[in-house]
Amino acid sequence: MPNLATEVSSSLGTTKQSKNEVIIALNKIAKRYEMGGEAFYALNHLDLKIYKNDYLAIIGPSGSGKSTLMNLLGCLDYPTSGEYVLKDKNVALMDESELAGIRNLEIGFIFQSFNLLPRATALQNVMQPLIYRGIGLKERKRQAEQTLTRVGLKDRMHHIPNQLSGGQRQRVAIARALVTNPSILLADEPTGNLDSSTTAEIMELFDELHRDGQTLIVVTHEQEIAARCHRVIRLNDGELVSDTFNNTVVSGKSEVVYV
Amino acid sequence: MSSFLFKVIESTRAAALSVKAHGFRSFLTTLGIIIGVTSVIAVVSVMQGLSGSITKQFDGMGTNVLNINSFTPKKERLQGQRAKLNYRDFLEIKYKVSGISNITPTVMAMGANAVAQYKGESTTTQVTGTGSSYQMLYGVYPEQGRFFNLSDDKSRRRVAVLGPSLIDKLEIKGEVLGQYLMIGGEWFKIIGVLEKRGKIFGFDQDDYILLPYSTTHALLGGAEEPDIMISMQVDDALQIDAIKQHISNLLRRNHNLVDDQGDDFKITTAEQMLETVNNITSTTTLVLSGVVGISLLVGGIGIMNIMLVSVTERTREIGIQKALGATRVDILLQFLIEAIFLCLIGGLIGLALGYGAGALVSHLVDLPAATVPGWAIALSLGFSAGVGIVFGIIPAAKAANLDPIDALRYE
Ligand SMILES: Nc1ncnc2c1ncn2[C@@H]1O[C@H](COP(=O)(O)OP(=O)(O)OP(=O)(O)O)[C@@H](O)[C@H]1O
Ligand SMILES: [Mg+2]
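Chains as they are written, first to last, in the working numbering: chain A, 1 to 259; chain B, 1 to 411.
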């Protein structure tokens, strides 16, 4: 079913489903690497649309381009060619400082290895992205405390990362991604370093965020996690090979079923 | 609040945390700056204290004091000739030059190490014969008793005025005034003790005896006419040059100097001496600036080196910050301000250490109290900040230009 993706975009690209606002549109996006004089596409001219309140899992074998795609979506990396439209802005044409603004305002990124600032406390880590928004210390603190409380770390705010468990660290990272109220939350194997019970906790948190209206994209290797998501795309050799909605047909929309 | 100011404040906060997190390393990093600033402040504070006190001494003298000394050019000196000023020169100037007052002859009696004795105690000191106008000319005041007057001088009385140190050196007990001293085999009655002046470079400024000029002259006997120094005050400072010219003509005629012969005397003003002192101070300061410049350069390279290491070490952190939305400017400012912050801390520590060292040195070698002038503080802090900017910019730019994805992947 490789052509499903195109069907999705054609059926939802029309205005008749006004509820399903398009947040991200990728058109023929490609990422090419030169290795030893040989060109190779980590992403091979991919088309993809992501809708508001999508709960999307990206799966695929190792080396299929999942992280490459996430990094592009998160404006951490540049595509070699193609168009990336994020909330009606063509990101592919932006310069470095505009991209920094997009990363700060629109995107919350969660990494497999947490990527917390090692010398900063949980609270300081969560406050960090607000600095780049020009928010004053007091208000930064208030928002960060609120968000840490929301992810269940009210009593761990003044711990530095190596005084926290893996699950707690990932919660700090989630709070840091959430504190800016991003349009889209990107998580690249967020539970890859966690045991199964911690994984379940984190996924419950994701479910809750989704219920609150958050748009989420999760890269995963685990079948259970993909099963929780409402839409699953599969990559292989940099190509999109399937795009399915769980428990429903392609033309339906997940939240219609679940809400 | 402008967004730039906001960024500066946030970067300063981050810099403070980072410096604190690497306390000992930060200290080592700024060592070059600390040493540079310490040395400049130490020397400047000592020099300032010194020149301040010298200026004060000259101030007491009044700036329109003229001194005339004999002067023998080197060539003649090698031939064993010696120029002299004598009492006739003094009288000539006193009666022929108008617009001057308190003209005073001064003669060194028995060299700089005359022996004075008192009840079995004996010490060497500087004995000088001078006129009663000395007191007015240099504005010195007796702490006890009186200075000698015109009649002491005229009638060659055997009276002496002491510098306060001699009381201790000769262990004079009880009432000083009215007691007798033996100088050069003659008895002198103590009629006054002058005010204390303190020490400079360990030299006691209060170790001297003043005798009336004519008494001293008589004491030296007629064997050889002594060489004297003539000092006077010029009433109108604007007339100084004219009066110098007048005196010069007079002395040249007296000494039978022909046209192509140089002067065998030197007329100096207190102001000139002050200038000489100031020249020495400013030359020292200049040489010092060179030394400091080099040490700050070395310090700056140290800072750059550590900052470059720090950027490499924190590559991943920089990647995280960029992922969270930090712009190039944010990262650049953060590292630049960290460098400046380090340098300024070094500067402040240097300032404190330098002042301490200066005060200690001044205390140990009996110099006047060290003072740190405002310009030296401003300059050393300004320089430290400048070093931070110059040597911080390369590491900061390196950090700012990191690609977010590469930085995040950095192991
Ligand atoms: N900087 C790079 N230079 C060259 N090749 C790269 C670079 N980054 C990624 N690749 C290649 O691109 C392909 C896709 O990598 P990517 O990290 O996206 O895979 P992935 O799907 O995330 O795999 P995994 O599930 O193991 O994380 C891989 O073959 C990888 O070797
Ligand atoms: Mg990956």
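Note that these hints are calculated values from the structure, not bench results.
Some hints could be false.
[Claimed, not checked] In silico DSSO-like pairs for lysine-lysine, Cα to Cα no more than 30 angstroms straight-line:
1. A:K87 with B:K7
2. B:K189 with A:K154
3. B:K94 with B:K266
4. B:K7 with B:K119
5. B:K119 with A:K141
[Unchecked claim] Per label pair, the in silico range of CB-to-CB distance:
6. B:I280 with A:I160: 32 to 38 angstroms
7. A:A39 with B:F6: 41 to 47 angstroms
8. B:I301 with A:H159: 21 to 27 angstroms
9. A:D155 with B:F4: 33 to 39 angstroms
10. A:N162 with B:Y410: 37 to 43 angstroms
11. B:V298 with A:S97: 34 to 40 angstroms
12. A:S97 with B:V291: 29 to 35 angstroms
13. A:H159 with B:Y410: 24 to 30 angstroms
[Claimed, not checked] Far from chain B by the CB rule (all over 12 angstroms, computed), these chain A residues:
14. I50
15. S67
16. T180
17. D212
Don't be surprised by glycine CBs; every beta carbon is placed ideally from N, CA and C.
Here is what the structure says about each hint:
The straight-line distance between the Cα atoms of K87 of chain A and K7 of chain B is roughly 28 angstroms, inside the 30 angstroms bound, and the hint therefore holds. A threshold of 30 angstroms between alpha carbons decides the hint, and for K189 of chain B with K154 of chain A the separation of about 93 angstroms lies outside it, so the pair is violated. At roughly 17 angstroms between alpha-carbon atoms, K94 of chain B and K266 of chain B fall within 30 angstroms of each other, so this suggested pair holds. Proposed proximity of K7 of chain B and K119 of chain B is contradicted: the alpha carbons are some 80 angstroms apart, above 30 angstroms.
For a cut-off of 30 angstroms, the pair hint linking K119 of chain B to K141 of chain A is broken: about 85 angstroms separates their Cα positions. A beta carbon spacing of about 57 angstroms between I280 of chain B and I160 of chain A contradicts the range 32 to 38 angstroms that was offered as a hint. For the pair A39 of chain A and F6 of chain B, the beta carbons lie near 44 angstroms from each other, so the given range of 41 to 47 angstroms is met. Restraint check, I301 of chain B to H159 of chain A: a C-beta distance of roughly 39 angstroms breaks the suggested window 21 to 27 angstroms.
Between D155 of chain A and F4 of chain B the beta carbon distance is about 37 angstroms. The supplied range of 33 to 39 angstroms therefore holds. At roughly 19 angstroms, the beta carbons of N162 of chain A and Y410 of chain B sit outside the given window of 37 to 43 angstroms. At about 36 angstroms, the beta-carbon gap between V298 of chain B and S97 of chain A stays in the expected band of 34 to 40 angstroms. The supplied range of 29 to 35 angstroms is broken by S97 of chain A and V291 of chain B, whose beta-carbon atoms lie about 43 angstroms from each other.
At roughly 25 angstroms, the beta carbons of H159 of chain A and Y410 of chain B sit within the given window of 24 to 30 angstroms. Every CB of chain B lies more than 12 angstroms from the CB of I50 of chain A, the least distance being 19 angstroms, so the non-interface label holds. Consistency note on S67 of chain A: stated as away from chain B, yet its beta-carbon is not over 12 angstroms from all of that chain's, at 10 angstroms minimum. At roughly 8 angstroms from the closest C-beta of chain B, the C-beta of T180 of chain A falls inside 12 angstroms, breaking its exclusion from the interface.
No beta-carbon of chain B comes within 12 angstroms of the beta-carbon of D212 of chain A; the shortest separation is about 22 angstroms.
Of the numbered hints stated above, those contradicted by the structure are hints 2, 4, 5, 6, 8, 10, 12, 15 and 16, listed in ascending order.
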